[in-house]
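Novice: Those sequence lines, one after another, are chains A and B.
Counting in my numbering, the final residue of the first sequence is number 77, and the numbers go up one at a time with none missing.
Counting in my numbering, the final residue of the second sequence is number 554, and the numbers go up one at a time with none missing.
Since the hints were made in silico from the structure, they are not lab data.
Please note that the accuracy of each hint is not assured.
Stated by the list, open to error - Taking lysine-lysine pairs in the BS3-like style, the calculated list, with each CA pair at most 25 Å apart, reads: (1) Lys221(B) - Lys106(B); (2) Lys40(A) - Lys221(B); (3) Lys114(B) - Lys301(B); (4) Lys315(B) - Lys301(B); (5) Lys40(A) - Lys463(B); (6) Lys301(B) - Lys233(B).
Unchecked claim - Residues from chain B shown here face chain A by an in silico Cβ test under 7 Å; the list is partial: (7) Asn176; (8) Val177; (9) Arg390; (10) Gln401; (11) Ser402; (12) Glu417; (13) Phe418; (14) Pro421.
Just so we're clear, the structure is a prediction, and the values are computed from it rather than from any experiment.
C-beta: ideal position from N, C-alpha, C; glycine also.
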Amino acid sequence: MTELTLTANIDVPDDFYADLIDAHEGLSKEASDALNARLILILANHIGNRAILKQALDTASHQKGG
Amino acid sequence: MLDERYSLAYELYPYERSPDQDNDTAKRHPVVVMGGGPIGIGMALDLGLQGIPVVVLDDHAGVGMGSRAICFAKRCLEIADRYGCGEPMLEKGVVWNLGKVFHKDHKVFEFNLLPEDGHKFPAFINMQQPYFESFQIERLRELQSQGAPIEIRGQNRVDGVNVHDDHVVLEVMTPDGPYKLEADWLIGADGANSPLRNMLDLEFTGKVFQDSFLIADIKITDDVDFPTERWFWFEPSHGSGASTLLHKQPDDVWRVDFQIGWDVDRKEEMKEENIRRRLDAFLGGVKYDMVWSSIYTFQCKRMDSFRNGRVLFAGDSAHQVSPFGARGANSGMQDVDNLGWKLGLVVNGVADDNLLDTYNSERAHGADENIMNSTRSTDFITPKSAQSRIFRDAVLALANDHEFARPLVNSGRLSVPCTYDGSSLNSADGMAGPERTRPGSPCPDAHLKDGFLLNQLGNEFVLFCINTEGPTELQECGVNVRMVSLSAVDDPKGAVAERYLGDAPSAVYLIRPDQHVAARRETYNENLVRAEIRRAIGKE
Numbered sequence: 012m013t014e015l016t017l018t019a020n021i022d023v024p025d026d027f028y029a030d031l032i033d034a035h036e037g038l039s040k041e042a043s044d045a046l047n048a049r050l051i052l053i054l055a056n057h058i059g060n061r062a063i064l065k066q067a068l069d070t071a072s073h074q075k076g077g
Numbered sequence: 015m016l017d018e019r020y021s022l023a024y025e026l027y028p029y030e031r032s033p034d035q036d037n038d039t040a041k042r043h044p045v046v047v048m049g050g051g052p053i054g055i056g057m058a059l060d061l062g063l064q065g066i067p068v069v070v071l072d073d074h075a076g077v078g079m080g081s082r083a084i085c086f087a088k089r090c091l092e093i094a095d096r097y098g099c100g101e102p103m104l105e106k107g108v109v110w111n112l113g114k115v116f117h118k119d120h121k122v123f124e125f126n127l128l129p130e131d132g133h134k135f136p137a138f139i140n141m142q143q144p145y146f147e148s149f150q151i152e153r154l155r156e157l158q159s160q161g162a163p164i165e166i167r168g169q170n171r172v173d174g175v176n177v178h179d180d181h182v183v184l185e186v187m188t189p190d191g192p193y194k195l196e197a198d199w200l201i202g203a204d205g206a207n208s209p210l211r212n213m214l215d216l217e218f219t220g221k222v223f224q225d226s227f228l229i230a231d232i233k234i235t236d237d238v239d240f241p242t243e244r245w246f247w248f249e250p251s252h253g254s255g256a257s258t259l260l261h262k263q264p265d266d267v268w269r270v271d272f273q274i275g276w277d278v279d280r281k282e283e284m285k286e287e288n289i290r291r292r293l294d295a296f297l298g299g300v301k302y303d304m305v306w307s308s309i310y311t312f313q314c315k316r317m318d319s320f321r322n323g324r325v326l327f328a329g330d331s332a333h334q335v336s337p338f339g340a341r342g343a344n345s346g347m348q349d350v351d352n353l354g355w356k357l358g359l360v361v362n363g364v365a366d367d368n369l370l371d372t373y374n375s376e377r378a379h380g381a382d383e384n385i386m387n388s389t390r391s392t393d394f395i396t397p398k399s400a401q402s403r404i405f406r407d408a409v410l411a412l413a414n415d416h417e418f419a420r421p422l423v424n425s426g427r428l429s430v431p432c433t434y435d436g437s438s439l440n441s442a443d444g445m446a447g448p449e450r451t452r453p454g455s456p457c458p459d460a461h462l463k464d465g466f467l468l469n470q471l472g473n474e475f476v477l478f479c480i481n482t483e484g485p486t487e488l489q490e491c492g493v494n495v496r497m498v499s500l501s502a503v504d505d506p507k508g509a510v511a512e513r514y515l516g517d518a519p520s521a522v523y524l525i526r527p528d529q530h531v532a533a534r535r536e537t538y539n540e541n542l543v544r545a546e547i548r549r550a551i552g553k554e
């Protein structure tokens, strides 16, 4: 796999989103930011492939609105 | 003495003196329903159709003003159809299938309810609540004229309840003064602020959301035609609300919903000039008349138990959800659908009163599902923390360009009927049939050679035999089971086979009076089916 997946790929997306928001519940701004940083690093390691990670970074960076 | 808490759209059951008011001793009734809204009347229709005497007490004399609930889901309409008032609703309602979600000025997401073929009712219709209630009352009057033992008493306010082990004593206030009556069973269908729940000091727990919404129902007088779709804006650029919803109703009326924040001056916001200012910013130069407006806040809460001895709660009095997803009136109708036949069997002495505990377990399962979905939608629409808002905005920003983010956009997950998985009334699945018709499921409709399948099921226990023979008659523990047999000839489009057989050559389904599957197997087996009937009424 060398293409970043940008089609829907999460099983039961509402459950995942609720888990994500719950993980941040009650955290300070600093703690939330730190959680997000750890999460990104963990997911990046899981992906592993540098080309994919680069595409993901580019996609997130070039997103308007933000 | 009797305050008008709200004004009426239609006076349909003006106060009339009842002979009960002249009795020296309180008259005992098998079932009394508190509340004449859609759920209380639904309860009366269900019991009346079974021939169970029921008295409805309402502190008003008709249907309240204001469109209020507008989205009626397929299962709710199927239940109304079982009661005999689904068709006029379908005729009056606006059918819609397409929903669009916008962020600022961009469309980020579009969904189609994609209705499956072969159903009598669509996924949703929109219709002002007073129409829904009026069609119910019309049907109630028709049943009364045919001798159904239903009584509805307007301007009868319950001021006190005294719950005993085997009955309830009610103190009722009327324009002629107070009287007492007794009920073997009391149903609380008296709405989200349930006076009954408060009188009994029962807890109602959950979450309150810190936001308010302004509803403006308008009639467009210009020759402008918006499509019959559900349009939802996050952070609309007109700036009149943090979110805005536009949805069509019958009579050229449009529902507009503005999310206006928590710290608002309600009186100020409700002034017509201020409502018009928001509407004008939203609609540009379109001309309109204002029909109805209201500000609401909401909570997601439920009672610990919907049964408290001789008192049972249904609808908003038992559980309240946010309006996103149309899960209020729609789930209340599923409550009475579930409770009606159980209470009928208990009143007639066929089932023991523990069957009513399964009303609580099955409908609490439904309430939890509804509360979870509506809480999630609310958290997305009105993020409760800065971090939650960052994620929400990121999803919206990504959804514009990338398909993966669109399923995460949540502007309301629309009501779907509840499957009572794990209910003690279900028998173990006896065949490898389709997942959607496993025990506990609501029966999916199908177009037959003549008419629709659901019109042949329900109101009593049915043994539904497909491509196989059942008995000519069957009675077990006082339950009469009606036979419905179909074969390929009756199913020209193959919908019954697809939805009820799958790869199996034949099937025998035991269907409850509320059109939920109790048990299924490939062929008829008398001993097993008798056990399944006993299990379905709480006797196994």
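Novice: Are the hints correct? Go through all of them and say.
Specialist: Here is what the structure says about each hint:
1. Lys221(B) - Lys106(B): 35 Å, violated
2. Lys40(A) - Lys221(B): Holds. Lys40(A) to Lys221(B) sits at ~23 Å (cutoff 25 Å).
3. Lys114(B) - Lys301(B): Holds: Lys114(B) and Lys301(B) sit about 23 Å apart, inside 25 Å.
4. Lys315(B) - Lys301(B): Since the Cα atoms of Lys315(B) and Lys301(B) sit roughly 39 Å apart, the hinted pair is violated (cutoff 25 Å).
5. Lys40(A) - Lys463(B): 63 Å, violated
6. Lys301(B) - Lys233(B): It holds: about 9 Å lies between the C-alpha atoms, which stays within 25 Å.
7. Asn176: 43 Å, violated
8. Val177: Check failed: Cβ of Val177(B) comes no nearer than 38 Å to chain A, outside 7 Å.
9. Arg390: Hint holds; Arg390(B) Cβ to chain A Cβ min 6 Å, cut 7 Å.
10. Gln401: With a minimum Cβ separation of about 4 Å from chain A (threshold 7 Å), the hint on Gln401(B) holds.
11. Ser402: 5 Å, holds
12. Glu417: Cβ of Glu417(B) sits 5 Å from chain A, so the hint holds.
13. Phe418: At 5 Å from the nearest chain A Cβ, Phe418(B) passes the 7 Å test, so the hint holds.
14. Pro421: Result: holds, 4 Å to nearest chain A Cβ.
Taken one by one, the earlier hints fail for this structure at numbers 1, 4, 5, 7 and 8, listed in ascending order.
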